[in-house]
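Those protein sequence lines, which keep their order, are chains G and U.
When we follow UniProt numbering, the leftmost residue of the first sequence carries the number 1, and every step to the right adds one.
When we follow UniProt numbering, the leftmost residue of the second sequence carries the number 1, and every step to the right adds one.
No lab work stands behind these hints, which were simulated from the structure alone.
Do not rely on the hints blindly, as some may be mistaken.
Pairs count within a copy or across copies, as identical chains cannot be separated in the list.
Unchecked claim - The list that follows gives simulated cross-link-like pairs (lysine to any residue, SDA-like), each with its CA atoms no further than 20 angstroms apart:
hint, residue 1, residue 2
1, K186, R138
2, K47, A18
3, K47, N31
4, K47, P76
5, K281, S117
6, K186, E30
7, K47, R17
8, K47, D59
9, K281, A303
For reference, the chains in residue letters:
Number of protein chains: 2
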Amino acid sequence: MINTHTGPQPADFADVRATNLAVVLRFVRENAPCSRADIAASTGLNKATVSSLVADLIDRRMLRETGLTENRVGRPATMLVLDGSPYAAIGLEVNVDYLTAVAVDLAGTELLSWRRSFPGATATPNQAVAAVAALARRVLNRMGKEARQVLGITVAVPGLVDVDGSVRIAPNLGWRDVDLAGDLAKALRDPGFPVLVDNDANLAALAEHRFGAHGGAENLVYLTGEVGVGAGVILDGRLRRGGLGFAGEIGHIQIDPSGPECRCGRRGCLEAVAGIGAVLKDTAPDATPAELEPEVDEVVRLAEGGDAATLATLTAIGANLGRGVAIIANVLNPEVVVLGGYYVALAPWVLPAAQDELALRSFAPDSGGTRLVASALGYGAAALGAAARLLDSIDSGRLPAHG
Amino acid sequence: MINTHTGPQPADFADVRATNLAVVLRFVRENAPCSRADIAASTGLNKATVSSLVADLIDRRMLRETGLTENRVGRPATMLVLDGSPYAAIGLEVNVDYLTAVAVDLAGTELLSWRRSFPGATATPNQAVAAVAALARRVLNRMGKEARQVLGITVAVPGLVDVDGSVRIAPNLGWRDVDLAGDLAKALRDPGFPVLVDNDANLAALAEHRFGAHGGAENLVYLTGEVGVGAGVILDGRLRRGGLGFAGEIGHIQIDPSGPECRCGRRGCLEAVAGIGAVLKDTAPDATPAELEPEVDEVVRLAEGGDAATLATLTAIGANLGRGVAIIANVLNPEVVVLGGYYVALAPWVLPAAQDELALRSFAPDSGGTRLVASALGYGAAALGAAARLLDSIDSGRLPAHG
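Assemble the whole structure, with the sequences as input and the hints as a guide.
Next up, the structure:
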């Protein structure tokens with residue numbers, strides 16, 4: 001049945017064949033092993049069209065035939081499966097204290113996951129580009145040894161990224177107007193694949209949508225709990241970026257007009273009242289980026305020991321966070337809001353207060369069905385999502401050049 | 001060029017033919033008169049497929065051939081245009097003090113626009129269903145005389161509407177759990193067309209997207225300025241409803257923790273600090289729904305005369321409204337936020353303060369490109385959008401039954 005609320009999106013005019021290739025690819029991804037006849041029956045495409053599309057995808061080594069045949073009356077059918085092995089999608093993340101790299105194949109299977117420390121808060125943009133390029137070259141080298149075609153590289157950055165991959169503002173990296181996509185492509189001598197840059201929350205949301213255990217939720221918001229607090233917004237199964245790509249900037253919405261001053265100059269922003277700085281305001285107000293993780297571990301230790309001051313702080317953080325989540329729930333009504341970053345470790349103490357506040361402030365009954373959960377993907381979510389973005393791109397019909 | 005950020009949405013598996021019919025219909029809507037060859041060249045569909053799709057649409061009397069031929073080398077081509085005349089889409093609106101009815105043809109041309117007073121705030125749900133059904137029957141009667149096939153009826157309601165067309169809460173109508181879609185279909189003796197119910201802000205947003213002058217903005221938020229304040233959210237060209245259909249409930253987000261109590265029981269909600277009640281709090285705090293329009297006219301008269309107290313009130317309303325708009329801009333980054341309802345008349349005094357606050361509170365530079373404007377569609381926006389929703393449904397491939 002077609003849901004009258006979220007029916008099919010009409011395809012762009014020029015793109016029907018690409019869309020149909022993607023329909024076949026996605027069908028096999030979800031239903032393999034399956035036959036050409038299965039694809040035709042389920043997609044409404046006629047058999048000749050399906051045969052032509054499948055031939056194209058086999059030629060590109062995105063599908064392959066198996067020796068299996070379907071057990072049924074009539075001529076046995078050759079079965080198809082996804083053939084992701086010749087490909088690699090690479091995701092990188094720049095953060096205030098680390099760089100990460102992830103590579104996955106076409107099926108989403110992880111090929112490598114690396115993390116190295118990096119002084120993001122003090123490095124210049126040029127130093128960052130050099131460090132990211134060096135890490136990318138090491139990953140490319142590895143993929144080359146495995147004879148994989150690289151689908152692209154996406155870099156996750158904690159900041160405003162415009163539609164061209166230029167970083168407009170990344171306050172916690174101290175960047176302004178850095179053409180990271182262009183500079184990185186140059187440093188890699190214009191490789192023959194896309195080099196993209198995107199906001200870290202956006203990419204983590206993609207990772208949760210593709211790999212997270214959220215019951216197929218098609219409306220999902222991811223909240224980063226790093227030095228900054230940002231949101232990645234998925235509605236009707238796709239990332240929503242707004243007009244200039246700046247959607248999801250929830251960190252500087254005012255939660256408490258009488259709250260503390262925020263680094264952005266405003267007062268009582270969500271980031272100021274519920275970010276990691278607020279968590280550590282009593283125990284480690286001057287923590288450097290590299291010290292954040294051990295300091296959060298110390299807060300967890302205190303909370304586990306029942307330290308009253310720590311518990312009170314975390315309850316207050318949870319309530320403030322819940323006010324931000326309630327804004328998201330009222331405006332977007334997602335099935336799930338996923339807390340990432342440092343919130344994951346703090347979830348046992350932060351979540352209950354946040355959930356109470358969400359229920360209290362939600363206009364729809366029962367919080368409009370919005371569940372609030374901690375991410376199970378850990379700190380690698382943004383880099384994993386950076387790789388996932390390249391797979392999404394293929395699922396949407398932008399197939400890699402082949403030959 | 002395919003924009004890597006907002007590329008094509010893969011079609012639902014079962015729906016490729018319907019989607020392709022819709023692609024052809026939309027192409028002709030935007031490019032008529034055009035030939036079958038034009039359609040094939042621009043959509044990537046092969047010519048045999050286009051001929052089959054066009055034949056189907058002609059059979060349904062959605063397209064027709066004209067005597068025109070394209071001036072070009074080779075065999076002259078028969079040109080196609082939209083044939084909307086045999087159809088009508090009907091939109092109704094229930095509000096606290098009126099009912100409206102609009103009908104448009106397939107091309108969006110207005111066939112009728114009626115408004116009648118109705119005691120929405122005091123009528124029971126049963127009385128409302130009877131009144132809406134009576135109005136619907138009059139419209140159906142008229143369309144029958146014009147020998148038009150009715151594509152459907154959509155009713156706009158100021159409240160939470162679930163995906164089945166049941167009104168969960170409509171506080172200003174005093175409704176809770178009213179199955180308006182079901183009751184209206186019954187009152188109309190189960191007509192052979194869809195009877196839908198939707199939130200008024202959602203539908204007004206659809207009207208602005210289809211008929212408003214917003215330069216093709218694909219990310220647009222409409223704010224109702226009626227007794228309640230709600231939002232309709234269009235992102236990437238489609239209405240976004242969230243998981244249960246409750247997105248856009250911005251009216252009860254807390255703007256000012258020390259603000260006045262809201263009718264919802266919370267404090268300092270956007271509706272309480274920037275809704276029509278706040279506008280009239282000094283001049284007509286006890287206005288009945290029927291008195292709102294003349295009372296707003298009186299406020300406009302005072303403002304035009306330079307009355308200091310009125311100007312101060314409207315500036316404060318504008319600032320509060322701007323805080324709500326800033327939340328929308330930060331979270332969704334739309335190209336445009338459209339103010340509807342009573343805000344239209346008050347725009348000369350409310351808009352400047354709202355724009356200042358938006359600029360101040362927007363994290364992205366230059367308000368992230370979000371423009372704040374007053375609607376040019378007037379009070380009929382929701383009913384017009386109710387009709388537009390049926391056209392959108394057709395553009396998405398849900399063609400009416402024919403025979």
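The hints, checked one at a time:
Taking CA atoms no more than 20 angstroms apart as the test, K186 paired with R138 passes inside one copy only; the shortest distance there is 16 angstroms, against 67 angstroms between copies. In this homomeric assembly, K47 and A18 come within 20 angstroms of each other (Cα to Cα) both inside a single copy, at 17 angstroms, and across copies, at 17 angstroms. Only within a single protomer do K47 and N31 lie at most 20 angstroms apart by alpha-carbon distance; the minimum there is 17 angstroms, versus 31 angstroms between protomers. Only within a single protomer do K47 and P76 lie at most 20 angstroms apart by alpha-carbon distance; the minimum there is 16 angstroms, versus 32 angstroms between protomers.
With identical chains, the CA atoms of K281 and S117 are never at most 20 angstroms apart, being 24 angstroms at best within one copy and 58 angstroms at best between copies. When the C-alpha separation of K186 and E30 is checked against a cutoff of 20 angstroms, the pair qualifies neither within a copy, at 37 angstroms, nor between copies, at 40 angstroms. Taking the closest pair of Cα atoms, K47 and R17 come within 20 angstroms of each other both inside a single copy (15 angstroms) and across two copies (13 angstroms). Taking the shortest Cα distances, K47 and D59 sit within 20 angstroms of each other inside one copy (18 angstroms), while across copies they are farther apart (25 angstroms).
Taking the shortest alpha-carbon separations for K281 and A303, only the intra-copy value of 15 angstroms comes in at or below 20 angstroms, while the best inter-copy value is 48 angstroms.
Figure legend: structure checked against the earlier numbered hints; hints not met, in rising order: 5 and 6.
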